[in-house]
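Undergrad: The primary structure of each chain is shown beneath.
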Amino acid sequence: MFNSSFDAVVPMLCVTLAALAAMGAEAFRARDEKMPIGGLGIIGLVGAGVACALLWNRNTSSFGVIVADNFGLFVTMVLVIVGILTIMFSSQVLEVDNLPRGEYYALLLFGIAGMMMMATANDLLVVFISLEILSLAVYVLTGIRRDDPRSTEAAFKYFLLGAFSSAFFLYGIAFTYGLTGSTRLDRIGAFLAAQSMSDNPLILVALGLLLVGFAFKISAVPFHMWTPDAYEGAPAIVTGFMSTGVKAAAFAAFARVFLSAFEPFSQQWVPVIWVLAAATMILGTVVGVAQSNLKRMLAYSSIAHGGYLLVGLVAANQIGKAAILFYLLAYAITNLAAFGVIAMLASSNDENEELRDYKGLWHTHPALAAMMTVCLLSLGGLPPTVGFVGKWYIFSAAVSSGYYGLAVIGMLTSVVSVFFYLRVVVMMYMSEREGPEPVRPRIARMGMVALTLSVILIFYLGILPTRVLDYAAESIATIF
Amino acid sequence: MTGEAVAFYALSAMLVVSALAVVLSKNLFHAVLWLALALTGTAGIFLLLDAEFLAAVQLLLYAGGVVTIVVFAIVVTERLVGETITQTNRRIAGGALVCGALLWLLITTVLERPLATERPIMPDDLTKAIGESVLTRFVLPFELLAVLMLAALLGAIYFARPEE
Amino acid sequence: MDGWLGVLIMLVLGVGFAAVMIGLSVLLGPKNPTPEKLAPYECGMPAVGDARERHSVKFYLVAMIFLLFDIEIAFLYPWAVALRDLGWPGLMQIVTFFMILSVGYLYVWRKGALDWAPAARARNALRRGPRKAA
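Protein chains in written order, with our numbering: chain A, 1 to 480; chain B, 1 to 164; chain C, 1 to 134.
Note that these hints are calculated values from the structure, not bench results. Heads up, some of the hints might be wrong.
[Stated by the list, open to error] Straight-line alpha carbon distances no greater than 25 angstroms define the calculated SDA-like cross-link-like pairs of lysine to any residue that follow:
no., chain 1, residue 1, chain 2, residue 2
1, C, K58, B, L20
2, C, K58, A, S182
3, B, K128, A, G181
4, A, K157, B, R161
5, A, K157, B, K128
6, B, K26, A, F156
7, B, K128, C, T96
8, A, K157, B, L102
9, C, K58, B, L60
10, C, K58, B, K128
11, C, K58, A, P100
12, C, K58, B, G44
13, C, K58, A, V287
14, C, K58, B, E143
15, B, K26, B, A56
16, A, K157, B, T68
17, B, K128, A, S182
18, C, K58, C, I73
19, A, K34, A, I84
20, A, K157, B, V66
21, A, K157, B, N27
None of the values given here were measured: they were computed from a predicted structure.
Let the sequences and hints guide you as you build the complete structure.
TA: Now the structure itself:
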């Protein structure tokens, strides 16, 4: 009936099975019984990682809708790393906030499975369903502290706007299907390349609707309105997870849809994304400077980073496409680690997330302060961290494609953003704390391990990036 | 005008009116009833398009299930019971502007370049065709739907579960 | 399309009959209202309190669970129609679909979302071990 191979779905199957197992375990858990559900998730994710490594370079596809090409596998690998780090950071947070483990990990794993599917989907229908899976999981995770009105409000806002953007996306799929007769990306691409559709305005409507749907998910300006509130209201570790995982998956699908299926229309969409990229970088940076809440500041910073990724999409030459993948990895590790630090310092009744709460952190938690510094410097793009390499490649791609304007805007905003990252660093080291020390929980060893791993990766990829860059370049070669 | 066209315009008028009533009526419960009517009208449109299965699903799941859920959500929410809540907000002018622009864009593009008006040849038993394609070509999205529903269930139960 | 004419006629007749009957009773029926007659009917007893009170959130849970399994049933129908052509692979796929959703059913059941009576809740509490002293 279908002679396609089953291999390509194995990575997400591992994660989905882990999620199902987590849900089943939670169902049969006796009251007050502690189960190692997080460990279950790590097993599933490691399984997915191994499957990715085995599938590398094999270019398999399953059911005609999932393709495990190197591009998808690279993003899947990023998601595996994001998942493992999130689970390691989460154990302490769950303990401190007294959150339900089973539900938390099950939703997290469902979300990761959806992201992996989105990164490897070759069919708009599958992109949509996986987008919904990951969105639903993330909506609930945002409001997982259901007694906290701020968290619930954030989840509600995110849910409403997310549902709205999904409607746009679905409408775009409907138009695309109506025009091309298929939802498969390869067939859409072939159809658009063969037929002269350039005088048909409906294809532009379809393109625009799809673009709005994606722009919401990657929180590009002016579709970023939900981001600061959702990121601020969610528990810090969930914010870390959604600002990296969701963005990676959405960007992968965005790049795949626009660079493969809608490549014939790049004349039309490149200027639009140029504007989005510029607006996103500028607004994310300028508004970020004015924030006094660290989580909100990092929310704007993550908006700005979305803008840098869009620059890679605009440039879209060989360097640019590889740079997107490398930047996704760099940003994922760095941002998640930064939010991990915030999550570890939050106590149950006070999140300690105002900038002034970080005054004098160096004196009480020297290791955490040092690692936070590394993360912030990497987010700011200073050498010898991975953030520098990522930005370097993005901007050099823009220059080599002739987008000097974008490159200049990117560099200027990077310089401004360094100011607000350094402000936190200065707070941590230079200022003495006035008033009582904020109450901080005991720092769990698991989180410290995750943080150390991230910092090692930040430096490793910052100093010796060639190997991973080669992988990224190889990944690009397979699809575009 | 054929009977089909008459039916289409009648249903469309009903749809537009009821959809407007959903967003404009002040009583939330009335809005839900209008929503039920709008969803039934959509089922009628599906019927006109020869999609009997889809029409049945629309009635069963949307006009039946979803409306029930919304009604239940109202009766279990303290603040909403019996109250009249203004649904419209101060930005109604801006909203109308955006909606109007979108409508104008869609109408002009569709009028300028109409889609194929010929009805494609359909297999005799559409429901059977749906069953076959869902379980062969679209089997992976189909199984994914189960995962999606599971995640939705988990979230809904988590938020709505009473305190232990 | 033509097969639906009968349905249309039935709809018109049904709605029309109801409308005519209610209209006739409004027009012709004797009107003699007393406070007792106007009171809402509640099993013959005088009504207590307002009908618009908040109900248990359990109703919502049940509605949500109902909708999910309703969707499941909706997918069964086209499969059943095409059963013979799909054969064993089709059965395997629909069973997989069911197995995934049955995890949700198990979860709902074990979490007590289907328990209504206090007795059932007490039984559950017993089974899961004594409640920790709060």
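Undergrad: Each of the hints needs a verdict: does it hold here or not?
TA: Hints, verified against the model:
1. C:K58 with B:L20: 32 angstroms, violated
2. C:K58 with A:S182: Violated, because 43 angstroms separates the two Cα atoms, which is more than 25 angstroms.
3. B:K128 with A:G181: Holds - the C-alpha atoms of A:G181 and B:K128 are around 21 angstroms apart, at most 25 angstroms.
4. A:K157 with B:R161: 21 angstroms, holds
5. A:K157 with B:K128: 41 angstroms, violated
6. B:K26 with A:F156: 22 angstroms, holds
7. B:K128 with C:T96: Distance ~20 angstroms between B:K128 and C:T96 Cα, so the pair holds.
8. A:K157 with B:L102: 23 angstroms, holds
9. C:K58 with B:L60: Holds, at about 22 angstroms.
10. C:K58 with B:K128: Given pair C:K58, B:K128 is violated - Cα atoms ~37 angstroms apart, limit 25 angstroms.
11. C:K58 with A:P100: 20 angstroms, holds
12. C:K58 with B:G44: 33 angstroms, violated
13. C:K58 with A:V287: 44 angstroms, violated
14. C:K58 with B:E143: Violated, because 29 angstroms separates the two Cα atoms, which is more than 25 angstroms.
15. B:K26 with B:A56: Roughly 30 angstroms separates the two Cα atoms, so the pair is violated.
16. A:K157 with B:T68: At roughly 23 angstroms apart (the allowed maximum being 25 angstroms), B:T68 and A:K157 satisfy the hint.
17. B:K128 with A:S182: The given pair, whose Cα atoms are some 20 angstroms apart, holds under the 25 angstroms limit.
18. C:K58 with C:I73: This hinted pair holds, its Cα atoms lying about 22 angstroms apart.
19. A:K34 with A:I84: Since the Cα atoms of A:K34 and A:I84 sit roughly 20 angstroms apart, the hinted pair holds (cutoff 25 angstroms).
20. A:K157 with B:V66: Roughly 21 angstroms separates the two Cα atoms, so the pair holds.
21. A:K157 with B:N27: At roughly 22 angstroms apart (the allowed maximum being 25 angstroms), B:N27 and A:K157 satisfy the hint.
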